[in-house]
Every structure is written in structure tokens, then in C-alpha cells.
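J.: Protein sequences, first through last, are from chains C and Y.
Going by the numbering used here, the first sequence runs without a break in its numbering and finishes at 247.
Going by the numbering used here, the second sequence runs without a break in its numbering and finishes at 401.
Just so you know, not all the hints are guaranteed correct.
As the list claims (entries may be wrong) - Below 20 Å or equal to it, Euclidean Cα-Cα: the simulated EDC-like pairs (lysine to aspartate or glutamate) are:
no. : chain 1 : residue 1 : chain 2 : residue 2
1   : Y       : Lys358    : C       : Glu246
2   : C       : Lys110    : Y       : Asp317
3   : C       : Lys157    : Y       : Asp362
4   : Y       : Lys364    : C       : Glu246
5   : C       : Lys128    : Y       : Asp362
6   : Y       : Lys364    : C       : Glu87
7   : Y       : Lys358    : C       : Glu87
8   : Y       : Lys364    : C       : Asp131
9   : C       : Lys150    : C       : Glu246
10  : C       : Lys128    : Y       : Asp366
11  : Y       : Lys358    : C       : Asp131
12  : Y       : Lys208    : Y       : Asp362
Read the hints as simulated data drawn from the structure, not as lab findings.
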Amino acid sequence: MTYIPHTDFRTDFYAIAHWIRSGARVLDLGCGEGLLLSYLSETRNIVGYGVDIDDANILACLNNKINVIQGDLEFGLSIFESKSFDYVILSQTLQAMRNTNGIIKEMMRVGKEGIITFPNFGHWRNRLQIACGRMPVSKTLPYQWFDTPNVHLCTLVDFENFCGQHNVRILERRIMNRDHQIIFAPNLFGALAFYRLEQQEG
Amino acid sequence: MQNLTSVGIVTSQAVCFDTPLHLQSGAVLDSYSLTYETYGELNATKSNAILICHALSGNHHVAGYYADNTQNLGWWDNMVGPGKPIDTRKFFVVGVNNLGGCHGSTGPSSINPRTGKSYGASFPVVTVEDWVETQVRLINHLGINQLAVIMGGSLGGMQALQWTLSFPNRIRHSIVIAAAAKLTAQNIAFNDVARQAIITDQDFYGGDYYLHDVLPRRGLRLARMLGHITYLSGDSMAKKFGRELRNKKFNFDFNVEFEIESYLRYQGDKFAEQFDANTYLIMTKALDYFDPARRYNNNLSNAFHSVKAKFLVLSFTTDWRFPSEHSRYIIKALVDNKLDVSYAEITSSHGHDSFLMEDSHYHELVRAYVNNIII
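Start from the sequences, fold in the hints, and give me the full structure.
T.: See below:
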């Protein structure tokens, strides 16, 4: 389910790996060819599984010696027990999910922590293109309006509001533009957002 | 037959075991023989062995063909051979006819040394666990301590699962295809109709038809016809046969008219000549009984507690006899036990029989998994 090509994948991987404890159990949703899991097992000695829907990705994972389970995230994570993973990762897949609420709820059930990354729709280039009367097309959003798999795009502010409304606590966030971490006006200058989350009681 | 990726001419072998075998049913077999075939070479460290378990109507003839019958291709010849997904240039592959079978291994049609007559109805009902016990003896006989892979589809997949439970230290990888950790009521129902067809055939003679020089052909034929319907998908049948009529018109009688009728009757007739009815009964019972979670309070995850193997589990989209949710149930138990496992649901139109078909994605998945096994 890798809808967005991992163009800046090394930055992407690095930012995620930074948060992962050594030897952790990791579930990577929409794992693609298993490159992130492969990177994490090399750099963080993690164990875990990928989940993906795409036939070619399943085959690639087998070739890459990655445990992968074929399945549709839209139907939830019912085969995984609650709190059975240290981290559940949803990397650049959230915006392509139809059942946004459902998958975040499932992630937070199955994982002690969740890591979500997504392209920030509030980035100034997107705003500029909209202001000029066009749907944004960029490095992190490479699709035309008519062929995009992205059905639920959001800005940092939107996402953080969503978390607040759903009792999801933001433990840490990292906002990136290419290789740089964005501190000032992240909703304007950040292209990719990384969040580390946990479910709040109640 | 010029086939560069075939293992070529093969010969069957047999081994007799004299150590009494205590079966799950409580019955004891004093001695029995197993018929098997091997392909490829066992390496010096004996670390490259793959055992292939067969399904209901299969046998030990997995790949290649016989010198005196080049048309008789092994049932998984598209999977096993030089350059094939199970590459016999790398692996030493063993095919075995299960106990109770009718292709050489001791079964109901064999002569009982105690009586000098066919076992017939007196042949004990055997289970998947019993088979695995006999298979490990075969592996011992071949001097193999640990299998690189145990592999099978359908009932064969159940054996591949049971191996990891019964002998966790003697198996490294298990490839479980189009299988289930237990049959559903519907599945058992199909099996019982098949058994009833055989048992109520007046030529069955309570299982001792050998003594009367007859075969319960009608019953076995019906059993096979029913089974065959359930192994195909509605779509594949529609595509292959549709509503085609043999004579292009209705005859208004009960003879063969639709192509599907002709096909099923042909398959049934062929099978009734080749297969033993008592073996069919035993195989379907083994399917019905298989339920490793039963003694663990129906908790499959607990049943898998001591399992160590790594798994590849495969299912097929149109398999309604062993649907994907059965495989996911297995996956859940494996994941619960933190075992290495990969699972693919393969798009195929051929129903349960897909596991026997040549399909590039299916075969690439097996190839990719097996290629990464270090021997």
C-alpha cells in the first residue's frame, strides 16, 4: 500500500528509527517492499511484521526476507492482539485510507505506541498552488487530482485536532522538509510530518 | 518427453517398519511399509531436505515420470524440479504415500500379515498426527535429523502444520498452503456425504469388497464428483463449462446433456478405477479429526506454544472449501507466539484446486521464500 513513492526515504527512515527502541516489536502498516522494516532490523535490531495489500510488495518482502502479512488495512487489524507490539507504524499511508478513524483506533489498540507520518497539506507550496487556482502537485504529493489515491489529506493542525478529539496523546513530533527539521511555522514550512502517539485512557 | 525442468525418470522405493505404531485411535499396527520417492541429492550436512505431504487423493509421486509410463507426471511436477520453485538442484525432496493410502504404502487394500487377507474394514482409522509419526520414521530412515522444509497443500498443509507441533526441533520451515487448522461443520458435512455415498454402495460390503472381487465404484464416483465440485470455484466452472450442451439441444431425459455433467462423470469414473474407497474414507476422516487446538481448550495460540518453525502460509481468493479466513486464523496463532511468518492471499480463479495449478505469482512467492532458506 505504498501510495507515495518514498522519495526521501532515507530521511523518512532515519526520522522513524530515531524513535524506535532497540529490540522492539514493530508492526509496519502499508510496509511496501519491507525496506523500512529491513532498515529497522539492521539499525535497531527490531522484530516484527509488515502488512500490505499489494501482490508485488508481498513478493518483494519475501525476497527481502521480511515477515509480511497480506491484508487490507481498511478491515482493521483483528489478527493482532491488543498491545502486542511496541510500535505500530503507518508511514505515508494515512492520507490514502478511507477509514481514517478506524485505522488510528486499531493502531492505538495493537501498539503501545503509534508512529504516523504523512505529507503536510498545509505546506506553503500546496497553499500557493491552491491560491493560484490549481490542485497541488509536489514531491510529497506527486499525483494529479484525477488519479490520486489520497482521499484524506490533512494539515498538521487538522491532524492534531483529530488526535485531541480521539484521546490520542502526541508524545513527540518531528516536522521535516527534505533533510531539514522545521521548527518555525511548521504547518507552513513542513512537508512531511512524523508523530509518535499513544492512546489516552478514557 | 523433453522437459528441461523436469526431474525426469523417477523410481519409487519402499521401506518397512517393524516397530509397532500406536495410533491415536488406540489401535496398534505391528508393522507397515511406506512408499516414497526422492528427487535431488541430500547434501553432506543433510540440511537440504524437503518433505512434501500429499492431500486427499495424492501420493508419493510428486514429480517426474516413470520409465514405463512417461505420461504419469507427478502431481506437483509444476512446483518441484530443477529450476522450479522447489529447486531440486538445491534441495533433496521427498514425497511419501501416507499410511492408509492406496499407492504402495500399507493401507486397507494391503494384505494383513496376521490374516493373509486384505485389511479392508479392519484397517484402523489414522489421523494427521499418526501420519506425522510415520513420516518422521521415514526421515530417520533417510538419515535426516532436521528437515529444511515441510510443505503441503490442503490435507498436506495440515500435516505441514502438525509437523511443527509434533517435532518442533526437527523442522525449520513450514509451508502451509490452502489449509486450515480445523474443518468447519460445512466441510465435515461434505466429507460425510462422500463417505455415505461409498458406505451405502451395495458393493462396499462393509469395507471388505476385496473379498467379493468387486469395487464400490458408484459410491466412490459420487464421492469424487461431489468433492470435485467443491474444489472448483463457481466462476471457474462457469467459465470452463457454462451451460454448454453436448448435443446443442435438450433431450428431456436424465442422460448426460450439460458439459459439466459429462466432465464430472468422467472424473468420477476415472477416479473410481484408480483409487481405493477405504482409503478415501480414511483420508476424509483424517481431515475431519484434525484440530490441534482441541486439547488446548480450543485455543490455537496455546497449541502453537512450543512451535519453533518459520512459516509461509498461502491461501487462494476463490477457495471456498479452505477459505482465507482459515489461513488468517493460523496466522493469528503464529503471530501470537511471535513466530516468523509470512502470509499471502493469492488471486486465483481455480478454487481449492488452485494450490495444484501453475500460477506465476503463486510460484514466485514459493520460490522467493525457499530461495532465502540457508542450507
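J.: Run the distance test for lysine 110 of chain C versus aspartate 317 of chain Y: straight-line Cα separation, threshold 20 Å.
T.: violated, 30 Å
J.: Does glutamate 246 of chain C sit within 20 Å of lysine 358 of chain Y, going by the straight-line distance between their CA atoms?
T.: violated, 26 Å
J.: Would the hint linking lysine 157 of chain C and aspartate 362 of chain Y be met if the CA-CA limit is 20 Å?
T.: At roughly 16 Å apart (the allowed maximum being 20 Å), aspartate 362 of chain Y and lysine 157 of chain C satisfy the hint.
J.: Would you check the hint for lysine 128 of chain C and aspartate 362 of chain Y, treating anything up to 20 Å between C-alpha atoms as holding?
T.: holds, 11 Å
J.: If you draw a straight line from the CA of lysine 364 of chain Y to the CA of glutamate 246 of chain C, is it 20 Å or shorter?
T.: violated, 27 Å
J.: Would the pair lysine 358 of chain Y and glutamate 87 of chain C pass a check requiring their Cα atoms to be no farther apart than 20 Å?
T.: violated, 26 Å
J.: Within 20 Å, alpha carbon to alpha carbon, are lysine 364 of chain Y and glutamate 87 of chain C?
T.: Given pair lysine 364 of chain Y, glutamate 87 of chain C holds - Cα atoms ~19 Å apart, limit 20 Å.
J.: Between lysine 364 of chain Y and aspartate 131 of chain C, does the CA-CA distance stay at or below 20 Å?
T.: Given that 20 Å is the threshold and the Cα spacing comes to 13 Å, the pair holds.
J.: Please verify whether lysine 128 of chain C and aspartate 366 of chain Y have alpha carbons no more than 20 Å apart.
T.: It holds: about 18 Å lies between the C-alpha atoms, which stays within 20 Å.
J.: Quick one, are lysine 358 of chain Y and aspartate 131 of chain C close enough, alpha carbons at most 20 Å?
T.: holds, 17 Å
J.: Take a quick look at whether lysine 208 of chain Y and aspartate 362 of chain Y sit within 20 Å of each other, Cα to Cα.
T.: Satisfied, since the Cα-Cα distance of roughly 18 Å is no more than 20 Å.
J.: Compare the distance between the alpha carbons of lysine 150 of chain C and glutamate 246 of chain C with 20 Å, and conclude whether the hinted pair is satisfied.
T.: holds, 13 Å
In this structure, the hints that do not hold are numbers 1, 2, 4 and 7, in rising order.
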